[in-house]
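4 protein chains.
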Amino acid sequence: MSSMMTHNSYGKSRVRLTKVIRHPEHHELKEVSIDIQLEGDFDASYTSGDNSKVVATDSMKNTVYVLAANHPFPDIETFGSDLANHFLKTYDHVSSVEVELQEPRWLRIEHNGKPHPHAFVSGGQETRTAGVHCTRDSRRVESGIEDLVVLKTTASEFWGFIRDQFTTLPEVRDRIFATSVSARWNYQGGWSQYNSTHSRVRALMLEVFASHHSLAVQQTMHAIGEEILAACPEIAEISFSMPNQHRIPFNLTPFGLENGNDIFVTTDEPYGLITATLKRQPVSRARANERRSDKARPPAKM
Amino acid sequence: MSSMMTHNSYGKSRVRLTKVIRHPEHHELKEVSIDIQLEGDFDASYTSGDNSKVVATDSMKNTVYVLAANHPFPDIETFGSDLANHFLKTYDHVSSVEVELQEPRWLRIEHNGKPHPHAFVSGGQETRTAGVHCTRDSRRVESGIEDLVVLKTTASEFWGFIRDQFTTLPEVRDRIFATSVSARWNYQGGWSQYNSTHSRVRALMLEVFASHHSLAVQQTMHAIGEEILAACPEIAEISFSMPNQHRIPFNLTPFGLENGNDIFVTTDEPYGLITATLKRQPVSRARANERRSDKARPPAKM
Amino acid sequence: MSSMMTHNSYGKSRVRLTKVIRHPEHHELKEVSIDIQLEGDFDASYTSGDNSKVVATDSMKNTVYVLAANHPFPDIETFGSDLANHFLKTYDHVSSVEVELQEPRWLRIEHNGKPHPHAFVSGGQETRTAGVHCTRDSRRVESGIEDLVVLKTTASEFWGFIRDQFTTLPEVRDRIFATSVSARWNYQGGWSQYNSTHSRVRALMLEVFASHHSLAVQQTMHAIGEEILAACPEIAEISFSMPNQHRIPFNLTPFGLENGNDIFVTTDEPYGLITATLKRQPVSRARANERRSDKARPPAKM
Amino acid sequence: MSSMMTHNSYGKSRVRLTKVIRHPEHHELKEVSIDIQLEGDFDASYTSGDNSKVVATDSMKNTVYVLAANHPFPDIETFGSDLANHFLKTYDHVSSVEVELQEPRWLRIEHNGKPHPHAFVSGGQETRTAGVHCTRDSRRVESGIEDLVVLKTTASEFWGFIRDQFTTLPEVRDRIFATSVSARWNYQGGWSQYNSTHSRVRALMLEVFASHHSLAVQQTMHAIGEEILAACPEIAEISFSMPNQHRIPFNLTPFGLENGNDIFVTTDEPYGLITATLKRQPVSRARANERRSDKARPPAKM
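Which chain is which? The protein sequence lines are A, B, C and D, in order.
Residues 93 to 394 in this note's numbering are what the first sequence lists, from first letter to last.
Residues 93 to 394 in this note's numbering are what the second sequence lists, from first letter to last.
Residues 93 to 394 in this note's numbering are what the third sequence lists, from first letter to last.
Residues 93 to 394 in this note's numbering are what the fourth sequence lists, from first letter to last.
What the hints contain is simulated information worked out from the structure, not anything from laboratory work.
Treat each hint with caution, since some may be false.
The list makes no distinction among identical chains, and a pair is therefore deemed to hold if it is satisfied within one copy or across any two copies.
Claimed, not checked - List time: in silico DSBU-like cross-link candidates among lysine-lysine, alpha-carbon distance up to 35 Å:
1) Lys181 <-> Lys206
2) Lys122 <-> Lys371
3) Lys145 <-> Lys206
4) Lys181 <-> Lys371
5) Lys181 <-> Lys145
6) Lys122 <-> Lys206
All values derive from a computational prediction rather than experimental measurement.
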């Protein structure tokens, strides 16, 4: 034998649950797709097909529905945590559990000017996500938003970038800015009000995207991150990924027309992809940085 | 030669256009994907590679952007009609033009309680569609909605169906009803207010879906159709397609629990698929039918 | 009531079946996704929620697996026909049945230079299809191939097309030709050797695509159709749909280089879409046409 | 300011290149989709919209085509490495470059019993991948295969797993085993014959999958990994991800039939997901382990 196994994990993916909570006057709809991965003493299954310590992935699936049955299900973060803990508690040889949860967006149908008590319409491709990673000693909860697709038709520029022999892109002072915001954040201080954080983060994403005058996708991303960290003290760190879904001005010159910055080719690919991670700064260090950055900042670019 | 060509057509698909209409106080965003198909005297291209009558599909693509440049673009039905007419007018040997248009749903971002003048958020996978078919003698305009995904957690039953040796489905008096409504309609009487029809149809779909007590997907579909024909005299005929996106009660019995009609497996497939076409009835025939159906109707099923 | 229902149908879609036929020396693998639609006396379900004549779509699903259990399953056309007949035979009020079948392509893994008796590798996105439509008086069987993706790097030209104010596409004597062939054909004369027809059609598609010198996608499509009709007398009519999956020469001029017809941008959209239907011609009419076309054919274009 | 940016990167994704290498007797077809991400001194773009150090992602796209023009392109690993080095060499403030490459599988069409010189057919959804990560001091090259979909109809068991209150899955001695193999490996010792490694890895995946008698997906994965490390001394480490694409026996009992292990429901979700990483072991340690594992191995399970 010339090889060693340095890592293994396994589990069930795409366990899809719909739970209805029937209040007297209205129903709550919980819909979620769950991926579970276990690590632990599973080597024998790999090396010799000895499954005596294997929790069948089918049993993991059962567990999701059984735990959901009597769970208040306030949010996917809490349910994911309880699910992860269940596996650690039930199986001594499990050392670590990773649970990923994706929740589609359902909106109540407006009916006679009020939200309907039990009828919903899809909120589209956007999903709320959560990730829970638990070991015997640690627990990490992350929350996220994926595919919040936004577009603005002005208040976006892109110029001043490097021009060299590989550059053909013209500078532009007024362009369409379209992207699909995805973000993921974690918490400090034992926070558990995940729904309110999610709402605030989402509102700020839309708010800052709409109102920020953008000199770069990078800059808008950073501005969104700063606003979120300022408004949500429970968030320790937030990471973003934003594709630049280009709208390319169609060249009307061959047809004797001028493009008045209003006719664009809608494209999916290739696309720019911008990422960043912002972290809450200890107050002392923040003050020092402020002083430094006062000096370093370039004069009045914006 | 032992074969004859009995039909041919060709064109450009997925021509994707973004047009911005810049009003002083706000911007309009028009985004559409367009498929064009031409029929006409194109046989020589097929039989001998003689392309002298071929309008290159690349030129069709150009035409979309060129026509869009000076077009008021009130709605996709009007733009599609003008596009179809353009090809008939410009090329004598074109006998028929089919244009299909798909418009994603963009919503204005709410900002300080008001719709933002130039920032938008995606309305999801739902699309507004239009189809225009023009020949030298005729013009047909259809409008549609695709993938309006809705779900209700109660007020849906399904029972009384055939029970035979192939039946295992239990009867159920309270089930989740989830579907993705797609519909397509045409017009009578030279109607051209396509935006208002679209809004009314969409509102009625949501309204009837939410409020109708359903004994079958079929019945809800029919009820939606009847309401639309009643409310929109400009519509001559409407066709529906609705998949039944099943939520299946998870069997908790092996785990010593009872499913209180609240824990479901979310499934995509297999799915029921229900279709129907409803047509406005000439008044005289409607009256006759009413009399007949008074007698024929089964007693008080609902 | 001001509306009448002019059409309805319903059924189950995406019923996915895997059947293994265990011969002593090797196994056969049958995998198919099935869509069923019934028409008949189902109006009451739509108009009043009276389901007494409704065959539940869940029962249709059951029927697929039950019928498959004792079926020799020589091909999807035969299974689809038997399935359609089953519904007509079992339910008097069913007037018409449509069954669509899609079979992915599984290839035997080569093992020691021989096809493995029970291990398979996916043949990709290409599918074999069948469509059966049966009424009390008629039966139509169609076969098809979808998404046979092919590409050739030369022996494809496109020139001589209309040049007008909407044309920017250059003429080209040597281009990449990439497409995804889809076709659908029906039969004459009570044919039932569907597997051999499928093999011959597929082989001819590849053969003609590879060897035909193309002046237009249209011409290659027509050539494939003619060869198939010539080689498969059992086929009455065949329809094609072929997207032109453009590879666009990248403009290297701004970088001081020339594109030696070797560097291309791979694109999915927009795409040309070419269709045609070819029909076997009665011999007498074919002769007359041959005489006419001798005269009409343009001189030596190819 | 209360936040600090702890990470950022950006680049262009889905740059799709087709390159034809025209030999006298045959053509080579290179098709690849490329994602580029740069790290470096880009903070000012985020914090103040100062783009003076930004390489526009459009320029990255241009660079792909320009470098490809005069590149021999022996394999995606080499092209990816040269692309990564280009950015480090050209831009002093770039500290790290990540390039991901995906190559679809094109097969030559067989023509008169020989591979055609310039006509190809798609090999399906399977892709060959490469990942290159370069800094000023380091270079890591990884190769991979994604979505090699395989199925076998026997020689797969699953039993002996934990049975507790969450278990309903029956033990089974003969089941269908279907999966989509994805793997990723890196190299030792300055290897550069990436094409031959890719071919050997792929062949072994099919070979071991077909011939291994499986007691668990885990065990088959491990066996594939061991064979690859044994046969490819250039590989240092290999990681696998294999979904278990379940085929579930359809319950025929309600219909008075028995399922002779031949009628299955084909499912996509939920699915088991199994992963592992195997590493080449230093010879000395391997010997020690061998001795230990002789004792530790459970008696004759297989």
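Unmet hints by their number, sorted upward, for this structure: 1, 3
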